[in-house]
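Using the hints, put the two standalone chains together into the complex.
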Amino acid sequence: MAPKFYHDDPVWADIDPLPQDDGGLHPLAAINYTDEYSEAMGYLRAVMANNEFSKRILELTEHVISLNPAHYTVWLYRAKTLFEINAPLRDEIEWLNPTALKHLKNYQIWHHRQTVIEALGSPDGEADFIDSMLEHDSKNYHVWSYRQWLVKRFDLFEGKGELEWTEQMVEQDLRNNSAWNHRWFLVIGGRDGRALDEETFKREMDFAKRLVRKAPQNQSSWNYLRGLARHANSTSALKDFALEFADLSRPDEIHSSHALDLLADILATEEDQKEEARQALDLLATRYDPIRAYYWNYRKGLLEQPGAVA
Amino acid sequence: MAPGLALSAGESSLNYSRHISYWRRNLKTFLPHHYTGNDSNRMTLAFFIIAALDLLGDLPAALSAEERQGYIDWVYRCQLPEGGFRPWPGTDVGSLRHDGNRLWDPAHVPGTFFALLILIMLGDDLNRVKRREILVWLRTMQRPDGSFGETRGENGRVEGGSDTRFGYMATAIRWILRGNVDGPVDGVPDIDVDKFVACLQQSETYDGGISEAAYHEAHAGFACCAIHSLYFLDRLPIPPRSAQVPDGRLRGVTNLPLTLHWLASRQTLTLEDEDDIDTLGDETDSTATCHDAHSFLKLQSYPSTAGQMSFKGQPTSHFELQWVGLNGRANKVGDTCYGYWACASLKVLDHLDVVDGKPIRRWLLDKTQHIVGGFGKGPGDPPDIFHSYLGLLVLSMFGEPGLKDIDVALCISNRAKQHLESLPWRKDIVEIGA
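Residue numbers (UniProt numbering), protein chains in the order written: chain V, 1 to 310; chain F, 1 to 434.
Fair warning: there could be bad hints in the mix.
[To be verified] Restraint-style ranges between C-beta atoms, simulated for each label pair:
hint : chain 1 : residue 1 : chain 2 : residue 2 : range
1    : V       : K239      : F       : Q202      : 29 to 37 Å
2    : F       : T254      : V       : D272      : 28 to 36 Å
3    : V       : D272      : F       : V430      : 46 to 54 Å
4    : V       : P3        : F       : E11       : 30 to 38 Å
5    : V       : E59       : F       : P239      : 26 to 34 Å
6    : F       : D73       : V       : E62       : 30 to 38 Å
7    : F       : E11       : V       : D192      : 27 to 35 Å
8    : V       : E118      : F       : T254      : 28 to 36 Å
9    : F       : T29       : V       : N86       : 45 to 53 Å
10   : V       : E59       : F       : P237      : 51 to 59 Å
11   : F       : S64       : V       : G121      : 53 to 61 Å
12   : V       : N51       : F       : T29       : 32 to 40 Å
The set of hints was computed from the structure by calculation and includes no laboratory data. Positions of the beta carbon are idealized from the N, C-alpha and C atoms, including for glycine.
Isolated chain F (complex conformation) (with noise of 0.2 Å):
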């Protein structure tokens, strides 16, 4: 079906042409000033809009060879000399930088993660990347505990927040430059994998959701870069009934079932902050406070005075059910961006099908989707990079027409994954391992 053309009147549908200038306009002109407090992600936002452009189908168009090489050369100026890559040129210091002030101007996971995405997306054979050097970095990024941080500082000493973000982007490092195979790769030991899932298992919590670390709150975000990782070391739990013989390899997600309650839980009807009427205070359930409520017409005979003076002359219709939002944890407001770690969840689990689609699909495409192309964050808000790539995920996964499809974990089209495995040195690796 040709994008954008097939569809019916008033049918929710994705704006193409829209999507394609926002992203062509990201791609080729200044982002504005306000992208500054995100200048040192730069690389997460360079590899957004090249991945944004492939799902659309648009990159062949939107660049030109020279500007393909370009942009290849730009990313490997941002490799650093000891192997991995900063995130953007801001810390660079040129010809001054020596082994006493490199401290400022390190490695950088997600730098890495997301430079080594771009430069598979844009066809390069990633010849030029330092890959035994990031393999030793990287283990060298996992702290005793298992988990991995952002980068290295003073004393060797692991730096930035103890996350599955920076689990996740090791991981895929990982995958993408030795695949999954077991023990040393060129001489480099692998990370420490036990110990890894292991601290994952700790982060699941006790509502079936997966947090940042142990103890800590439920949150799809940090969920699905655990479930991502799980993935790439294959150690998601064997699924029932399946071939696979049990392999006493220590697994993740310990109570699948569990955790595809509270996956599916993410769904609501709670769009945006004004239906999320303040709940300070007010103990009562009514289709007001109550985020996930549809038809309860008789909660107001709950033996509750509050409930009943709450609801008085409050209509007590059916919400809308056309319209589905995920949200990020336990009642809280929908967003774009919780469809992408919600529903990816889902999907390499294998169970995207707990899931309706269809008010999913209409929810970005009439409530967060922007006039001028891209997604907000929720109704009415102005598009950003982010929710922008996140929405059009979400879409691919359950099948749009006219998007490519996507490998949910690596964020990238199959297409640029196959460009991936098809490296020899990459096969080399992988074929040797199996």
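Isolated chain V, as found in the complex (with noise of 0.2 Å):
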């Protein structure tokens, strides 16, 4: 795209830019601007200073965040621009969309959105344009901490369809760990402290477990089971689970390291069992999973002091 200026532009002919005054001769981090990004600056300090709120200061600081969407006031500015002139908000959000989408990384994008949002009083679309961020970067942190708002906010935890979409995104990839923290933010975080009731237990339970034995080495649906199990103080009914995929009476035939992490736990908390832990946490730290060799051999170490377990 050719560069946008303002001083040949007669729509701005009576902005005075400011331009920047670094301080002397040792300025820090300083950049090479390039002449467009300091000319847009300038005009934008001039018009910030004057407080003018209209139509062209849309196009300037859109212009602006193209170039430095972490300028943090641009983005307020813009906000506060919105609404003084009565700026139709629908527009805002069809500029956002592709806006996001070449910002992946950035922070203030998504609190002008649910600024915008917020006014707008309304979801729809919305999901549409998560799964199209999606598509690109199903990880984004962004995108999914803005899903959780979006949830809080019009209350969807519950009969619109947002736990059968987190199943969807968690059966499209058992690894996507975003996806299993947005089901536990579902299932527990929308609960209001209420105890969770043995139904829905056990289906989140029988959910991780299906999920664990496609993929048993997958450290994402064996964090999801122990923690509903944690959470419902049930550890040690895990055991047979945990030997389906690690018997110690045949330790060439260990199918996962996150079974054998929890079989050690569980050995741990049982009468007489010290010496079966000690062996899984061997198992690890020699042969199933090597790199954390130093951590399993800490854990060797809490054996030794009572209480000490995950």
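If you want it as structure tokens, here you go:
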């Protein structure tokens, strides 16, 4: 795209740009700005100093955002302008959609989107937008955080297809930890402190177990399973499940380091099973998860200390 | 040992002279225009540049007295009349600034944090810092839920993301300016420490990690920020068998063994995107799809037809254990910066012993160190200021000869930290409070 300038644009003829004062001979981290950026910033400072709110501000802020999306007050200034001039907020969302795709790692854009959606008072279209973002990066942290905000803001915890959507995301990529976490948020976070009922607990345990069986070396599904069990104080009930993948009597037939890890934790809490727990940790340190050997050895040390189990 | 000399051929080594020239270039010449997207983080970039040269022991040689003073003055120019710093000159409208437009040029939490650190590293006494004003402002940066934000907007609204980064920097600013004393200092009440700690407790996740906010996904960067802030506030768990008596104070990291488990699990052999074979729709475990598999010689025998098919013809040899990277979340690829976020968390929790530093060091030196100096995000990536400094911090944590030792939570050398602690105004506050 050709650079955009203002000095020869009649729309901006009334503005005296304010050049940046970098202060003396020794600025730190000075950047080799393009002429385009320097000029746009000069006009931005001038209109900000005047508190101008008008349609052309939307163009100028859009331009500056395209060059420096991390500029924190340009977003606030743009939001204020939108409300001051009663700009159509749907148009803002239409602009934000492709802009978010260009700046996948930017923080400010999400804050701005929340402000606009809050004012619109409706989550319509947001699910499609999120799908398009996740197609580019299925684990994008900002997108998943924003999805949580939407669920809370518009109470989408139950009966609005959110759980089904999450299930689909997990099935699509069993190793998408963000999707697993979103499920936890829906199932546990949406309960407002109410205890997990037995039916839901069983449904979630079955879900996690089924997906562990599909990919026994996937840490996301194990973490979910173990989180649930810990939540319900029933970790020891997972012993048989762990044995499916890691039976100490057949040390050459281990199918999952995570099962060994769980087994070690359970054995450590049982009477007279410390030796077996040690054996599981040894297998991890020497054969099945040697990159964490130091950690497994630390865990062996914990066996000597009563009550120190994760 | 003289830097870079005594290492035998073939051994991974830190290329001191290249790193020094990389950082001197960043200090003395304009940064390339692709840093424009980080223009509003210039104070952060400046911090990394000065701090890296300090760590490399090059700061005294790199700066003339006049330059040192010039840089100090540049930082002070970013201080606002009402207290606090802007992180760059970009929002400064000079003599046109008034109460009606200062909304667009606000004091900024990261800007203030990094400005203070730069002044400390350059040996300034912080006497020109509006310290009391900053402490007053800091209280207004805390939200009702206990978290901190980035700037104050219209009607005192706390703007910026709701995540642990700002809490980290806010508690660090507090520690720099008033130590960890209880109650008011200079007539300014403290932030609400308990509320902040409660907020961090809620950010602990079901897998032992810590996230940006309650129920969000565990993330090593946010975990590290949370752990560091608890350290500044002296609200980390009391170590077992320590002489410290339980004092009933609210403390974070409520399940330390689980958090150590999560942090140790950040070690990975998935070092670059190419290793990160598309797992979409692939439900199998093979040495390719399983991010932390090493020696699963028997995986193919687990009853999954798809698994057996996908494993067919693939070598079942051990993965190379010589290089171990760190990722920020479960099932993600290694990244230099997570070397810092994960290991620094462990270090502050006094458990760096649960990881082996040698293969991590080799990963940084052999895989992400760049030939022109600095570190990239992953193998083959060009160096950038952020990853280049965090890579050095990790090496220093593991005792790299020739690098200064650091205070892991403040991210600066212990030399610089000691300078701060020696300042008379601060000693007065800390000693009276003690």
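Hint compliance check: list the failing hint numbers for this structure, sorted ascending.
4, 5, 7
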